[in-house]
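For chain R, the structure is supplied; the task is to place chain A on it using the hints.
2 protein chains.
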Amino acid sequence: MSYEFFKDLAIIIIAAKCFGLLARKLNAPQVVGEIIAGLIIGPNVLGVVDSSKFLVQMAEIGVIMIMFMAGMETDIKDLVKTGPKALLIACVGVLVPLVGGFLLYSCFFGFAATGTDEFYRAVFIGVIMTATSVSITVSTLREMGRLKGLVGTTILSAAVIDDIIGILVLTFVIGFKNPEVRPIHVLLNTGLFFVFCIIIGFVAYLVFKLMDRRWPHRQRLPIYGLALCFALSYCAEKYFGIADITGAYVAGLILCNIKSSDYIVRKLDINSYMLFGPIFFASIGLKTEIKGITPAILVFAVAFVIVALITKIIGCGLMAKVCGFKGKDSLRIGVGMMTRGEVALIVGQKGLAVGLMDSVYFAAVIFLIITSSVVTPIFLKILYHKEKEESDTDCSKEVLPQAAH
Amino acid sequence: MSYEFFKDLAIIIIAAKCFGLLARKLNAPQVVGEIIAGLIIGPNVLGVVDSSKFLVQMAEIGVIMIMFMAGMETDIKDLVKTGPKALLIACVGVLVPLVGGFLLYSCFFGFAATGTDEFYRAVFIGVIMTATSVSITVSTLREMGRLKGLVGTTILSAAVIDDIIGILVLTFVIGFKNPEVRPIHVLLNTGLFFVFCIIIGFVAYLVFKLMDRRWPHRQRLPIYGLALCFALSYCAEKYFGIADITGAYVAGLILCNIKSSDYIVRKLDINSYMLFGPIFFASIGLKTEIKGITPAILVFAVAFVIVALITKIIGCGLMAKVCGFKGKDSLRIGVGMMTRGEVALIVGQKGLAVGLMDSVYFAAVIFLIITSSVVTPIFLKILYHKEKEESDTDCSKEVLPQAAH
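Chains as they are written, first to last, in my numbering: chain R, 54 to 458; chain A, 54 to 458.
Check the hints yourself; a few may be wrong.
Which copy is meant is left open, because identical chains are indistinguishable; a pair holds if it fits in one copy or across any two.
Stated by the list, open to error - Keeping only pairs whose Cα atoms sit at most 27 Å apart, straight-line, the calculated DSS-like set for lysine-lysine is:
id, residue 1, residue 2
1, Lys106, Lys291
2, Lys130, Lys106
3, Lys106, Lys60
4, Lys381, Lys291
5, Lys403, Lys78
6, Lys374, Lys130
7, Lys60, Lys403
Just so you know, these hints were derived from the structure itself, not from any lab. Computed from a predicted model, the values in this text were never measured in an experiment.
This is chain R alone, in the form it adopts within the complex:
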């Protein structure tokens, strides 16, 4: 019988909440405090909690819940309206960092001839930069009550599309080195996943609508909803090679139009903020290892982070502007898209495995995740704070009653 994990949970919960409240006092979002709490209690500073398999799984449930709630809070009409724009924003938001990463590596280590190993290494640095992990942005926007509305929905749909494009690009690049992975299969799988989602979604929607009518506001609705979320997350990963968070978001979309969706979100939100959310954000800080970094790697890492953040803002922000968003909203979309998380980590680990990246550069990836996770919420808060009642007519629907913090 192991009981050590109780200690970890107690420390994480207390530290995350304390630092979260401190962050809020300093006008930063709570999630920043929670990430920093993870850094402080983790192996780099105090070393009282180590990342364990159990914590990784709890954190995974945390990010799944966040994406599921984001799906349920999406307005389908907004999604359809923002769909084409989001696709364009996502594409340019992938392209610019890809090129930026390639140029960065080439500037540091010299331009290599097309097709050489060194060339693919340069491309791979760009690939790592492509995929947005929107969970932190989502949490921040929820905390500020800005998740609904055109800007929030655009960021969310662009991030989901961007995830898929990122995985496609990764598969293509690896496909050149490894003949076993067929890019055409990946495209096919992605297509099949959406067909699967439409079928499952239609059936699940009817079942939940029926349950909603017979048993409105009953425990079984959030329970079965959570089960649907886990099931779709699993199916996405297992059968289609799509990120589990995309499955969870789709599960949320399926339920966003039933009458009890607000009720389900409220129940899930309690699960999320009590335990799974703090563990997810703290575990980002926990997983970071700072030792073993040389000055040369540090310089590269800093440049890597700056390029990754700026190219995303430029790519997404400019395209948003082209698509007709106002200047401020374009910037919000660009900033909202710049967070990187577990997808960048997965891409990096894949690169290590197939020999497209040296492990010394892995610190740069983690550095990027931490920096973007801390900087994005702060920037978003500033961007939304400055002109509170201006250009925000699309946010007027944000009246979901959220529990006091």
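Okay, now just chain A, sitting in the frame of chain R:
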């Protein structure tokens, strides 16, 4: 990145809820349905979910939460009033099964001379029967709204005392075989644990009372409360060798008198019924392995279960009657105390480790856990159903608003 556990979670949640609702339709408590759901999806029938380390840890959190909530719903005045009676009930409730188990083994395999190995084996069968695991009784009483009141509180305090006596007895018996474990140390540790609880409890109570006054009904209260629960569970196991569920119950007792305790219970209850509770009950079914049982073992196992259940009812019930409870209430206390769970499992595993028990009899222990877990809630429901408005004046305070199922 593992994602298989999402499948397990989805299946457990759906199966537990469906069977729970079915059980309720058949007028049995939901927890019985959830345990049976675990049996059916587990390796014995369908084999779609295996017990994993992750599920064991989630189940552990589930039982901790149940005991924590039970502590918070305890009326301290009732506890003090029932304390001496509970002590007597627990003592006799340990003694009778201990003797019963010894006689059962001796009847099957012959009476051995005092001090021989065979003698201690007979004693050990009695030891396994001693410890009540009250979590299932607690859940059933909560579900029926009968947890508060004299009978509920008596069962709870008797079970907590009984846990400690059970562990003391185990340590004494093992102490005779193994000179490393000193019974006096165990007694000392138990005493120190209660001193520790009083000190920590006093400080924590003041801190929470202060927080309660400054920030009533805020998220931070249930969050810090949960952290206290994890911390005390950990300390109980780690530093005093006391069961973690006892630590969780004490943590609940500490907070039962602050104003927001109902609010904290409501928030925790959502966490519990959405995820951790179903996993805990389903995992009892999951862990059972039926294969490898011979007819001879089966006969012994059946006798073992019958003796274990009846001796507990007789021991606790008679003592309750002697202490002045009415006939019906005495029976309720006896039945409420007859559930065995993880403590019996731990005692059994300890016996295997030190050679006081053969592994073939382990099936009997698991059989006892399953049977008592299924039978107790049904009996309790019948006992409370029969004379609804009779002899229940002590239950009049049970008005905690519970969410609809």
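Hints and how they fare:
Within a single copy, Lys106 and Lys291 get their C-alpha atoms as close as 20 Å, and across copies as close as 21 Å, so both meet the 27 Å cut-off. For the homomeric pair Lys130 and Lys106, neither the shortest alpha-carbon distance inside one copy (40 Å) nor that between copies (43 Å) is at most 27 Å. Taking the shortest alpha-carbon separations for Lys106 and Lys60, both the intra-copy value of 15 Å and the inter-copy value of 17 Å come in at or below 27 Å. For the homomeric pair Lys381 and Lys291, neither the shortest alpha-carbon distance inside one copy (40 Å) nor that between copies (55 Å) is at most 27 Å.
In this assembly of identical chains, Lys403 and Lys78 lie within 27 Å of each other by CA distance neither inside one copy nor across copies; the values are 39 Å within and 50 Å between. In this assembly of identical chains, the alpha carbons of Lys374 and Lys130 lie at most 27 Å apart only when taken from the same copy (21 Å versus 67 Å across copies). For a Cα distance limit of 27 Å, the shortest separation of Lys60 from Lys403 across copies, 24 Å, qualifies, whereas the shortest one inside one copy, 33 Å, does not.
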